[in-house]
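Novice: Build out the structure end to end from the sequences listed, making use of the hints.
Protein chains in written order, with full-length UniProt numbering: chain Z, 1 to 444; chain V, 1 to 444; chain C, 1 to 444.
Be a bit skeptical, because a hint or two may be false.
Straight-line C-alpha distance at most 20 angstroms; calculated EDC-like pairs for lysine to aspartate or glutamate [to be verified]:
| id | chain 1 | residue 1 | chain 2 | residue 2 |
| --- | --- | --- | --- | --- |
| 1 | V | 183 | V | 408 |
| 2 | Z | 261 | V | 415 |
| 3 | V | 33 | Z | 358 |
| 4 | Z | 33 | C | 358 |
| 5 | V | 30 | Z | 404 |
| 6 | C | 33 | V | 350 |
| 7 | V | 183 | V | 404 |
| 8 | Z | 33 | C | 228 |
| 9 | C | 34 | V | 408 |
| 10 | C | 33 | V | 287 |
| 11 | Z | 30 | C | 307 |
| 12 | C | 258 | Z | 287 |
| 13 | V | 192 | V | 351 |
| 14 | Z | 261 | V | 350 |
Pair ranges (Cβ atoms, derived) [stated by the list, open to error]:
| id | chain 1 | residue 1 | chain 2 | residue 2 | range |
| --- | --- | --- | --- | --- | --- |
| 15 | Z | 345 | V | 96 | 33 to 39 angstroms |
| 16 | Z | 27 | C | 30 | 33 to 39 angstroms |
| 17 | Z | 16 | C | 227 | 50 to 56 angstroms |
| 18 | Z | 20 | V | 429 | 28 to 34 angstroms |
| 19 | C | 342 | Z | 19 | 18 to 24 angstroms |
| 20 | V | 377 | C | 34 | 29 to 35 angstroms |
| 21 | C | 103 | Z | 94 | 55 to 61 angstroms |
| 22 | Z | 397 | C | 342 | 39 to 45 angstroms |
| 23 | V | 361 | C | 378 | 52 to 58 angstroms |
| 24 | Z | 8 | C | 311 | 21 to 27 angstroms |
| 25 | Z | 38 | C | 409 | 54 to 60 angstroms |
| 26 | V | 228 | C | 146 | 29 to 35 angstroms |
| 27 | Z | 27 | C | 227 | 40 to 46 angstroms |
No wet-lab data here; the hints were simulated from the structure. Since this is a predicted model, take the numbers as computed values, not measurements. Just so it is clear, CB atoms sit at the ideal spot from N, CA and C, and this is done for glycine as well.
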Amino acid sequence: MTELKKNNNFIILLSIFHIAFIILFAIFTKFPKKNGQENATENYLYFTDINAMIFIGFGFLMTFLRRYGFSAVGVNMLLACTTIEWSIIIRGLLSEHFVEHGYFTLDINSIIYGDISAAVILISMGAVLGKLSPVQYLIMAIFEVPAALVTEHVIVEILHVSDCGGSIVVHVFGAYFGLAIAKVLNRDGIQKSNHEGSIYHSDIFAMIGTLVLWIFWGSFNAALASGEEAKRRCLINTMLSLSAATIATFITSQFVNKHRKFDMVHMANSTLAGGVAIGTVANLVLDPFISLIIGTIAGCISVLGYEYITPALSKKAGIHDTCGVGNLHGIPGIIAGISSIVLAFVYTSEDYDIELFDIYPALKNGRTMSSQALYQLLGLGLSFFSSIITGAITAVILRLKIFDQVPDEDLFSDERYYHTPSDFDFTTRIIGHIDNVEITEKTI
Amino acid sequence: MTELKKNNNFIILLSIFHIAFIILFAIFTKFPKKNGQENATENYLYFTDINAMIFIGFGFLMTFLRRYGFSAVGVNMLLACTTIEWSIIIRGLLSEHFVEHGYFTLDINSIIYGDISAAVILISMGAVLGKLSPVQYLIMAIFEVPAALVTEHVIVEILHVSDCGGSIVVHVFGAYFGLAIAKVLNRDGIQKSNHEGSIYHSDIFAMIGTLVLWIFWGSFNAALASGEEAKRRCLINTMLSLSAATIATFITSQFVNKHRKFDMVHMANSTLAGGVAIGTVANLVLDPFISLIIGTIAGCISVLGYEYITPALSKKAGIHDTCGVGNLHGIPGIIAGISSIVLAFVYTSEDYDIELFDIYPALKNGRTMSSQALYQLLGLGLSFFSSIITGAITAVILRLKIFDQVPDEDLFSDERYYHTPSDFDFTTRIIGHIDNVEITEKTI
Amino acid sequence: MTELKKNNNFIILLSIFHIAFIILFAIFTKFPKKNGQENATENYLYFTDINAMIFIGFGFLMTFLRRYGFSAVGVNMLLACTTIEWSIIIRGLLSEHFVEHGYFTLDINSIIYGDISAAVILISMGAVLGKLSPVQYLIMAIFEVPAALVTEHVIVEILHVSDCGGSIVVHVFGAYFGLAIAKVLNRDGIQKSNHEGSIYHSDIFAMIGTLVLWIFWGSFNAALASGEEAKRRCLINTMLSLSAATIATFITSQFVNKHRKFDMVHMANSTLAGGVAIGTVANLVLDPFISLIIGTIAGCISVLGYEYITPALSKKAGIHDTCGVGNLHGIPGIIAGISSIVLAFVYTSEDYDIELFDIYPALKNGRTMSSQALYQLLGLGLSFFSSIITGAITAVILRLKIFDQVPDEDLFSDERYYHTPSDFDFTTRIIGHIDNVEITEKTI
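Specialist: Structure, rendered in structure tokens:
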């Protein structure tokens with residue numbers, strides 16, 4: 001293990017960013033004098049749920065790596081907090097209020113948006129989990145936040161694409177940004193590392209994350225929906241889609257295994273694909289069974305992705321996806337986008353009745369349902385390509401020698417970056433090789 | 001380990017059920033056009049709490065088995081999701097709205113009810129934990145849902161029994177349904193298996209489940225209470241009863257142990273008995289100290305149950321209760337039912353003032369408080385006997401050869417049904433037999 | 001291991017206390033006939049968050065000790081429940097309603113206050129974690145509750161000190177009460193015990209607690225704030241302060257380590273210092289960037305405390321602080337108090353506009369902002385000295401021979417007080433000494 005001693009890059013960079021954030025907050029942010037526009041208590045109800053998803057959900061989901069649990073939970077916190085501060089600033093600078101008044105105000109929605117931006121970055125983190133040093137994770141977040149927010153601004157504010165639960169602007173963007181980095185940073189050592197993989201208890205820790213994400217996903221999809229009816233549909237459709245995806249995951253997980261055994265990787269991830277796949281259309285679906293179908297498709301395809309696509313991409317295309325974000329966020333996000341295109345043909349503007357302009361604001365200005373479908377396609381494509389391009393550029397920067405690169409022997413391992421207890425090596429490495437122990441006499 | 005290879009029962013059955021559910025949803029469910037009857041945000045607040053109880057609470061509580069953690073969390077998800085879909089359909093078909101209109105609508109209450117039905121099935125799962133194959137768990141859920149819902153319909157809708165937190169129709173039914181199966185499926189191998197039991201960290205994982213159940217139990221008991229005052233009482237009475245049960249658990253747990261040591265089995269389970277025992281009467285208790293007394297009794301009896309009744313039932317009556325659901329749900333549920341009978345004599349109809357008809361709707365039609373007490377007894381008895389009879393019938397079906405039975409060597413073990421990491425055997429079996437290790441020289 | 005056999009102190013004392021609580025509840029508590037003053041649903045939203053903090057947050061945060069996980073979670077539950085009952089009684093007896101009517105009523109705020117009192121006691125528990133027997137923990141709670149509540153009553157009700165999130169009356173009091181006990185009970189065995197410390201998975205368990213505290217801290221600081229605007233500020237300021245503290249923790253944690261490694265002790269604790277440090281002023285800060293600054297200072301100082309102050313206090317002053325509550329609650333609480341003094345000079349009474357008398361009720365009676373600053377100082381000093389004096393007195397009682405004292409070999413270990421599984425010693429002790437294992441031939 002090479003020593004990091006005297007390498008102060010992380011300390012210096014994070015200090016600079018954090019001080020800059022404080023200065024930008026001092027210049028540009030205020031509390032609103034009176035804010036009658038927001039129901040703080042109701043928004044806060046959604047906020048705590050989403051906050052749990054970001055800090056516990058994402059953090060613990062990534063603890064499945066047996067030697068990388070400290071980093072999973074710790075770096076998750078670091079990137080979430082950095083992103084929350086940084087994204088509040090950028091989103092504020094992009095807001096109409098800033099253009100008009102020269103400052104912007106903070107309310108509960110600001111921190112909800114902060115958490116949602118954190119989701120983008122943490123999804124990307126999943127693709128490169130175990131392969132970046134703390135300073136590289138940090139640089140990634142710093143570059144990704146403006147890339148994601150500008151892309152989102154174009155898609156949602158300018159093109160008026162409907163993306164209620166953010167599957168297009170959060171999940172697709174986060175997944176392919178991360179995979180672009182994974183591709184550019186790929187090297188032999190990553191494919192050959194024997195530190196990857198789980199142990200029994202790390203898989204159980206990961207399920208804490210999975211379940212926190214599962215139970216609160218409705219809040220994520222509904223938080224920003226406008227209108228009471230739309231919010232209720234978001235919550236119910238998400239629950240139905242998640243349930244269907246979970247059932248589909250069990251079916252497919254056993255189906256792809258010749259011994260008819262379930263795989264915890266599928267339990268931990270594909271069960272959530274239903275939440276992503278319904279995201280864009282959670283407010284749009286007017287018939288509950290459609291949510292069941294979308295969830296079912298997402299669960300099946302996600303398991304197939306883990307079983308066949310991830311290993312193939314890794315071996316043949318050099319795209320190593322540690323958490324399989326392509327199968328949990330990428331493809332299900334694309335399913336969400338495609339669903340939004342299909343639904344614009346399934347439902348007519350009459351079906352949405354008085355809710356129509358809340359749901360598709362651009363139809364007020366004469367856009368038709370079928371041209372809305374085209375815009376949905378455009379938004380999906382834009383998010384996909386923008387994430388790959390900006391991800392690849394970020395990756396090139398991450399490869400610069402001045403940033404600490406992870407040596408091969410420290411891939412997927414906490415040891416280089418965290419003080420680890422004395423049992424670390426035994427618990428996370430040796431333990432997997434023991435089949436039999438000769439018991440000495442009882443000593444007590 | 002016999003191979004399951006080519007046994008497609010689980011895949012085929014779950015696929016058929018799931019497709020049938022989707023078709024039934026397509027035919028019978030709609031979103032309400034306008035739903036002014038429900039405060040979606042308030043109901044959703046209770047829903048997420050209950051959702052956490054079902055998926056994290058029940059799931060992690062059952063991870064105490066050292067070799068069965070994947071199944072505990074995984075099968076818990078599977079049964080919860082299957083039940084949510086299936087119970088929404090059955091409950092809808094039993095509803096007045098369906099009788100009148102030929103379809104039924106979904107709102108937040110629908111998914112709350114779905115979660116509550118899941119609780120029934122997951123309680124039964126606790127009694128047979130480690131002893132059924134996935135396909136058997138599935139069949140159990142499919143049969144239990146209509147049995148539980150028809151019983152509940154008779155008790156609550158027809159007999160107008162008051163059961164606010166569902167201790168009679170959820171806890172008593174779930175516990176004795178599961179125990180009836182345990183009795184019928186009992187065999188020598190179960191009593192002799194050496195895979196049962198916990199390790200240090202599996203006991204700590206289980207406490208995640210316990211605490212999630214503990215902190216949100218008020219929401220479970222209050223979600224369906226009608227009236228602001230009644231809801232507040234439900235929340236406070238549940239909190240008091242849980243606190244009292246926790247204190248009683250500590251006292252009794254030390255008392256029954258000759259070395260004056262606490263037992264984590266009691267901490268993990270009996271502390272929750274207060275939530276069950278107050279369930280039926282959480283809205284009825286008008287004097288806070290009564291909740292303390294009910295919780296105290298429940299905590300004491302539950303610990304005594306774990307210490308004396310469970311082993312006796314297992315050895316002498318052939319009723320092996322893996323999680324001790326008889327002591328956490330069964331007896332405390334009966335205490336709840338009895339409390340509801342007693343309280344009908346303690347309080348007069350004047351005590352409930354303007355709330356009376358909200359709480360006891362049948363009194364509008366001339367029923368007296370003492371005849372209400374009789375109905376409470378009738379409801380309790382009905383739930384008890386209905387659960388045993390339908391449970392026993394279900395168990396006979398589960399014994400059919402066509403359903404995969406768990407071989408003795410795979411009881412209480414994930415190995416046959418889950419892909420397990422390389423440390424599985426060491427972490428969950430060998431580790432318990434090691435008392436001393438000779439340390440070789442440091443190698444690094 | 002000396003046997004506890006036949007020592008019934010714990011059973012007798014807890015039974016007496018619990019029965020006394022039930023009698024006091026029977027005499028003095030009622031439900032309100034009609035309570036129009038409280039929005040039960042909104043208060044309950046905050047309550048469940050705080051309840052999660054108390055039972056999961058504090059409980060799991062203390063599982064970091066590798067051999068003391070059962071006690072951490074279990075004793076945490078015991079003290080929380082005992083405190084909730086006991087503090088409801090004392091707070092009721094101190095209330096105006098009791099003075100006027102001879103009884104007091106219970107609403108959701110009562111159980112919120114119960115949980116907040118539990119926080120005081122659980123903070124103190126952190127300072128003496130692993131060093132007291134169950135009966136001693138119990139005695140500590142019984143004495144600390146009235147000490148804390150009378151102190152709080154004087155500070156908040158009589159001196160009208162502003163302490164919205166309770167950093168002065170909860171965190172400072174709890175920390176220094178615990179440290180006073182730690183000082184008085186100090187002995188050689190504590191410093192020399194080799195059972196202290198974590199293993200890899202116990203550190204990860206602890207992060208469950210940390211994250212639950214982190215995500216819900218806003219609810220703790222906002223629950224008792226009066227006014228919609230003030231509540232919103234509390235929530236946002238707390239989030240900003242926590243984020244800043246987390247970032248500062250990462251910077252400082254790497255900075256103090258010559259190998260530039262992060263330390264999980266800092267991740268688990270100092271990231272939360274921002275929530276404490278903003279507590280007293282969460283409703284007072286009108287400029288968001290000030291929260292970032294307060295959080296940053298708290299995070300930095302907390303890490304420095306863990307790195308330098310805790311070991312120095314332990315070795316030189318004989319104050320052994322198991323969880324480092326001085327750095328998580330003590331010093332950050334003092335920072336909160338000082339911030340409240342400074343802010344009384346930063347903002348003028350005009351800045352608070354119509355909110356002024358909600359925030360500083362004493363200003364209605366002619367108190368000026370600068371004399372309010374003096375009162376804030378007085379309140380901080382009073383909490384500090386009252387906690388040390390009452391803590392020291394409590395400690396003298398705890399040393400009485402009649403209460404079971406923990407023998408040296410059982411410090412920081414569950415073994416004496418809990419029934420432990422067969423892997424206990426291997427998992428929590430032997431495992432840390434293994435560097436290499438000779439693998440025998442595969443046996444399966």
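Novice: Please go over all the hints and tell whether each is borne out by the structure.
Specialist: Structure-based check of all given hints:
no., hint, in the structure
1, 183(V) / 408(V), "holds, 17 angstroms"
2, 261(Z) / 415(V), "holds, 9 angstroms"
3, 33(V) / 358(Z), "holds, 16 angstroms"
4, 33(Z) / 358(C), "holds, 16 angstroms"
5, 30(V) / 404(Z), "violated, 56 angstroms"
6, 33(C) / 350(V), "holds, 13 angstroms"
7, 183(V) / 404(V), "holds, 18 angstroms"
8, 33(Z) / 228(C), "holds, 12 angstroms"
9, 34(C) / 408(V), "violated, 60 angstroms"
10, 33(C) / 287(V), "holds, 11 angstroms"
11, 30(Z) / 307(C), "violated, 36 angstroms"
12, 258(C) / 287(Z), "violated, 60 angstroms"
13, 192(V) / 351(V), "violated, 55 angstroms"
14, 261(Z) / 350(V), "violated, 60 angstroms"
15, 345(Z) / 96(V): 33 to 39 angstroms, "holds, 36 angstroms"
16, 27(Z) / 30(C): 33 to 39 angstroms, "violated, 54 angstroms"
17, 16(Z) / 227(C): 50 to 56 angstroms, "violated, 37 angstroms"
18, 20(Z) / 429(V): 28 to 34 angstroms, "violated, 54 angstroms"
19, 342(C) / 19(Z): 18 to 24 angstroms, "holds, 20 angstroms"
20, 377(V) / 34(C): 29 to 35 angstroms, "holds, 32 angstroms"
21, 103(C) / 94(Z): 55 to 61 angstroms, "holds, 57 angstroms"
22, 397(Z) / 342(C): 39 to 45 angstroms, "holds, 41 angstroms"
23, 361(V) / 378(C): 52 to 58 angstroms, "holds, 57 angstroms"
24, 8(Z) / 311(C): 21 to 27 angstroms, "holds, 24 angstroms"
25, 38(Z) / 409(C): 54 to 60 angstroms, "holds, 58 angstroms"
26, 228(V) / 146(C): 29 to 35 angstroms, "holds, 33 angstroms"
27, 27(Z) / 227(C): 40 to 46 angstroms, "violated, 27 angstroms"
In terms of the numbered hints stated before, the structure departs from hints 5, 9, 11, 12, 13, 14, 16, 17, 18 and 27, listed from lowest to highest.
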